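Peer 1: Chain by chain, the residues:
Protein chains: 2
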Amino acid sequence: MEKKIITISREFGAGGRTIGHIVADKLGIPFYDGKLVEDIAKESGFAPKFVEEHSEHSPSGSVFSYAFAPQGVPGIMNGLSTADYLWNAQCSVILELAEKGPCVIVGRNADYILKDRPDALHVYLSADNEYRAKRIVELYGETDKTPEQRLSEKDKRRRVNYQHYTGRTWGQSQNYDICLRTSTIGIEESAQIIIDTVLKSREK
Amino acid sequence: MEKKIITISREFGAGGRTIGHIVADKLGIPFYDGKLVEDIAKESGFAPKFVEEHSEHSPSGSVFSYAFAPQGVPGIMNGLSTADYLWNAQCSVILELAEKGPCVIVGRNADYILKDRPDALHVYLSADNEYRAKRIVELYGETDKTPEQRLSEKDKRRRVNYQHYTGRTWGQSQNYDICLRTSTIGIEESAQIIIDTVLKSREK
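Listed in order, the protein sequences are those of chains A and B. If you're matching positions, the first sequence starts at 99 in the numbering used here and goes up one per residue. If you're matching positions, the second sequence starts at 99 in the numbering used here and goes up one per residue.
Isolated chain A (complex conformation):
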């Protein structure tokens, strides 16, 4: 079956955004990263209706009606945290984006959210720590933390968030169609493997 939706899960610094952009550009399809999905979820008027339909994604679904409290209500809403509210909104946005047509989605656990779509290709990108440390300094500059600390903290946040919302283990290869260690394979080469796989899927 033709793969139209490409989800890219990635370790911090492994090149997910860059590779996602190359794939989207070469295939001529829209690119969405986590930040963009989050912005859409926050601003979109259509999110709440999908939130209701897809409430099984919420770990505290039983108090789900509180998600419809006014946006101004901060923090915990009778058991549904703003994090959970946003997660639900993101699920609905990602499901909606995939419904709209071909695209590349980086991050936001889109692999899990779109796991039941046979036209989705799920990719996971990792890289050696040394390679990632060098890359994040080049891309995002120095901070008061060491690159190793920044990697460790961000990896942990992604891993814990993924496990919390999906019940799966972060980086378990059986959840993906393709996993690549970009420090071995290369950024351009990794993008090409994904593009070739999508193009070949059109022949099947």
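Since the hints were made in silico from the structure, they are not lab data. Computed from a prediction, not measured in an experiment: that's the story for all the values here. Check each hint, because a few of them may be wrong.
Straight-line distance between alpha carbons at most 27 Å, and here's what the computed BS3-like set of lysine-lysine pairs gives [claimed, not checked]: (1) B:K124 with A:K298; (2) B:K102 with B:K133; (3) A:K213 with B:K252; (4) B:K213 with A:K254; (5) B:K213 with A:K252; (6) A:K254 with A:K232; (7) A:K124 with B:K252; (8) A:K232 with B:K232; (9) B:K254 with A:K298; (10) A:K213 with B:K254.
Based on the hints, put chain B in the right spot on chain A.
Peer 2: Then chain B, alone, in the frame of chain A:
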């Protein structure tokens, strides 16, 4: 760096042997699967000396000298089981094979045994259960167990063995350079991705 040694870890029925053969044939290098490595370990005169050198691979290394008890001594040898003895012999055989020159090694936790070789490319192959069930019946025929039982039992054995001897989680993508779901990617296509990666590594 040029990748000369290709290790292929795989779920039962995911096409590891077939893909390994294609890769070895097209690259013109020797192919070793788990059975062959085991045979060499059993028959080889050079194994014991490596066993001694690489005893850190044994989970019960402290009683390692008992590994040199005559082959006829069955079962547990004062704490070092025959399984552990064979594991050590296999480690030595795999390290030796890699030292000899380019090759493809399927199974036997070769990814872990050769994890410190920068010229090794580590591949993991998975596939959907339905695809694997169909494939093992086509390849190996029916047995008195259902294909699902056979998959489950063999997967479990490999997973437990891997965890026992390596301390790693079976199928964790960060331990591999490339992981492919062959039921999505295809057998020939998976082989081609591996071959292309090896060929490209020669240019770097």
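Peer 1: A separate judgement is required for each hint: does it hold in the structure or not?
Peer 2: So, going through the hints one by one against the coordinates:
1. B:K124 with A:K298: Roughly 21 Å separates the two Cα atoms, so the pair holds.
2. B:K102 with B:K133: Answer holds: K102 (chain B) to K133 (chain B) is near 21 Å, not above 27 Å.
3. A:K213 with B:K252: Distance of about 25 Å is within 27 Å: holds.
4. B:K213 with A:K254: holds (24 Å)
5. B:K213 with A:K252: Status holds; Cα separation ~25 Å.
6. A:K254 with A:K232: Given that 27 Å is the threshold and the Cα spacing comes to 19 Å, the pair holds.
7. A:K124 with B:K252: Violated, at about 41 Å.
8. A:K232 with B:K232: The hint is violated at about 45 Å.
9. B:K254 with A:K298: With Cα atoms ~33 Å apart, K254 (chain B) and K298 (chain A) exceed 27 Å; violated.
10. A:K213 with B:K254: Roughly 24 Å between the alpha carbons, so the hint for K213 (chain A) and K254 (chain B) holds.
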